[in-house]
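Peer 1: Each chain is listed here by its residues.
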Amino acid sequence: MDKMPKWADVILIPLISLILAAILSTLVILAIGENPVEAVNLMVTGALGSTYGWGYTLYYATNFMFTGLAVAVAFHARLFNIGGEGQAMLGGLGVAMVCLYVPWPHWSIALLAAMAAAMLFGAAWAAIPAYLQAKRGSHIVITTIMFNFIAAALLNYMLVNVMRPAGSQDPATARFPEAVHLPTLHEILAPIGINFSKAAPANISLIVALLACVVVWALIWRTRLGYEIRAYGHSETGAVYAGISPVRITIVAMLISGALAGLMAINNVMGEAERLVMNSTEGAGFIGIAVALMGRSHPFGVFLAAILFGFLYQGGAELALWTSIPRELIVVIQALVILFTGALDNMVRMPLEKLFLALRKEAN
Amino acid sequence: MDSFLTLIQVLDSTVRLATPLLLACLAGLYSERAGIFDIGLEGKMLMAAFFSAAVAAVTGSVWLGLLAGIAASLVLSALHGLASITFRGNQLISGVAINFLAAGLTVLIAQDWFQQGGRTPSLFAGGRFEPITFPFSEALSGVPIIGPIYSELLSGHSILVYVAFLMVPATWWVLFRTRFGLRLRAVGENPAAVDTAGVSVVGLRYAAVAICGVLCGIAGAYLATGLQAGFVKDMTAGRGFIALAALIFAKWRPWHAMWACLLFGLLQAVALRFQNIDLGGVVIPVQAMDALPYILTVVILAGFVGKAIPPKAGGEPYVKER
Chain A
1 MDKMPKWADV
11 ILIPLISLIL
21 AAILSTLVIL
31 AIGENPVEAV
41 NLMVTGALGS
51 TYGWGYTLYY
61 ATNFMFTGLA
71 VAVAFHARLF
81 NIGGEGQAML
91 GGLGVAMVCL
101 YVPWPHWSIA
111 LLAAMAAAML
121 FGAAWAAIPA
131 YLQAKRGSHI
141 VITTIMFNFI
151 AAALLNYMLV
161 NVMRPAGSQD
171 PATARFPEAV
181 HLPTLHEILA
191 PIGINFSKAA
201 PANISLIVAL
211 LACVVVWALI
221 WRTRLGYEIR
231 AYGHSETGAV
241 YAGISPVRIT
251 IVAMLISGAL
261 AGLMAINNVM
271 GEAERLVMNS
281 TEGAGFIGIA
291 VALMGRSHPF
301 GVFLAAILFG
311 FLYQGGAELA
321 LWTSIPRELI
331 VVIQALVILF
341 TGALDNMVRM
351 PLEKLFLALR
361 KEAN
Chain B
365 MDSFLTLIQV
375 LDSTVRLATP
385 LLLACLAGLY
395 SERAGIFDIG
405 LEGKMLMAAF
415 FSAAVAAVTG
425 SVWLGLLAGI
435 AASLVLSALH
445 GLASITFRGN
455 QLISGVAINF
465 LAAGLTVLIA
475 QDWFQQGGRT
485 PSLFAGGRFE
495 PITFPFSEAL
505 SGVPIIGPIY
515 SELLSGHSIL
525 VYVAFLMVPA
535 TWWVLFRTRF
545 GLRLRAVGEN
555 PAAVDTAGVS
565 VVGLRYAAVA
575 ICGVLCGIAG
585 AYLATGLQAG
595 FVKDMTAGRG
605 FIALAALIFA
615 KWRPWHAMWA
625 CLLFGLLQAV
635 ALRFQNIDLG
645 GVVIPVQAMD
655 ALPYILTVVI
665 LAGFVGKAIP
675 PKAGGEPYVK
685 ER
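Going down the list, the protein sequences come from chains A and B. So that you can map any letter, position 152 of the first sequence is 152 in the working numbering, and since no number is skipped, the others follow by simple counting. In short: position in the second sequence from 1, add 364, done, that's the working numbering.
Treat the hints with care, since some could be wrong.
Unchecked claim - Covered stretches of chain B, going by a simulated chain A footprint (3 or more residues, C-beta under 8 Å): (1) 436-448; (2) 615-626; (3) 644-655.
In short, the hints are calculated from the structure, not lab data. Since the model is a prediction, treat every value here as computed from it, not as a measurement. Where a beta carbon is used, it is the ideal one built from N, C-alpha and C, also for glycine.
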């Protein structure tokens, strides 16, 4: 017998956690002497008040959907992939190579090739920690953290010593050719008469991200592999009895996770910067953790949480622009969300479970 | 003679750079030996670095700064304990949250207090830990070989450096020669047995997490008031994770931890001084030196060169009855 109805687990607990995080964030804003109501107003108008704001919100949300899905898939196999950041960096490297060194006739073919390269590079970066976890029992959290740092060093080397155009001081690749320019929301929506901001970076990758949500949902709940991943995540011994190979599931789940994280690069590298720069991921790999936790590892939850974090990111940037509140406020909010929805989950859950048990007793 | 002096200088900066790693590494050692994984070392150090620099800048007293740093780090430790011991949450997720909390709060508070773009004012005399000069170091500096070793390498560090290295035998003694240490290690291997013996698992684990907080606090204070003169945004720069790597490299043993931290400190010192190293045709890029601690750790974790086996109950919340 479940202690709680399903809706409480899926909606009530994340909601309470979110409210707790919001209350603490408000206290933080008050503590640094700013007006929280004004701050929220600024964030809402800045992030949602114009198509320009929406364009940025959706751009960030696209990044977070990919990394959130990446963390979520690994969570289903009870693997904690902190390496989304490194996998996304490597994805960027793959995208840059495809875009720079191959002359593409049209962006659509280039996008498909870039997606393949991004997924391949991201998955490859997840493959070694996955193999070590599956075969040698090395803790995947530690190895993926280490691989984040190794990825940063590798990217640094590639940008400074290999891919930097001659004569340039900037540790970045050359700009991608015009042919691989991805259509922005402005260009997509103009033919149907919607005037979307031209300057905003949201692009066709958003649609890829939405498709990825659907594909991941189908994979996890509608395929044999997804069933095996969930079974393994639920109980390793149970899965072994059912003839599911832990080695295979660990490696496959991590490869999918890495591929999803890497796929983010079509948005930030190909869609926005149109060249590979240092620190292009801007911590999106880590935000994926918060997004997956808040979205309860369900693609729809991830979608909602990604939009929320996109809003926070763009709103936070506006706040930093117009007030003396630095952008790091968002990092604090992100930390609080991870804390309440992840680490302190039981603090919210235990009293609620007691409450529901008491209610059920009374009903009987 | 010239290359000998260079060597001494590199080793000298190795000692300095190894100090925060060593303190954080020993901090993690206590926590993980008691079965509480801590990937929040970085955050605790960062928080301590900010509060020690801020209080030292305002009061002019580096000792008050040190206390403030330790207190700030202890608050985060308490949070980690609350999440992972009391509420039996996921210790890794709690660590991630603590790292982000520290990264955000330090800049936020720094901006509010000092309006200098997320940094503290530079610290002057009194606000910093001054180097301690050993007796006769001036007189002995002319003696070949021994002179430079004594006056450059051993003498002239701030007190926290010596504290860090003294913590190594102290930690060894506490863990392997005292009753508390035995229980602490037992609680990381088999908490049920400790519980059966009538010793509080929760109490021991909180104690370990608190010691971890104190040591991280000293590490952070050293960063901001010893190694550098003030706090800057994200100044820990991954040191907490290198310390974690060193801890695995050392297989959770104090003396080995010291050697691992010295090795990683040496890598940092060499990378700082030489940038790209030319080994007769083959150039080792500086990035390779940056990545080496992490690569070595992965190799050790992979178990191809001596397997690193963590404390058995590490990461598992203890539930009294099943």
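Peer 1: Look at each hint and say if it fits the structure.
Peer 2: Against the structure, the hints:
no.	hint	in the structure
1	436-448	holds (count 4)
2	615-626	violated (count 0)
3	644-655	holds (count 5)
The structure fails hint 2 only (numbered hints given earlier).
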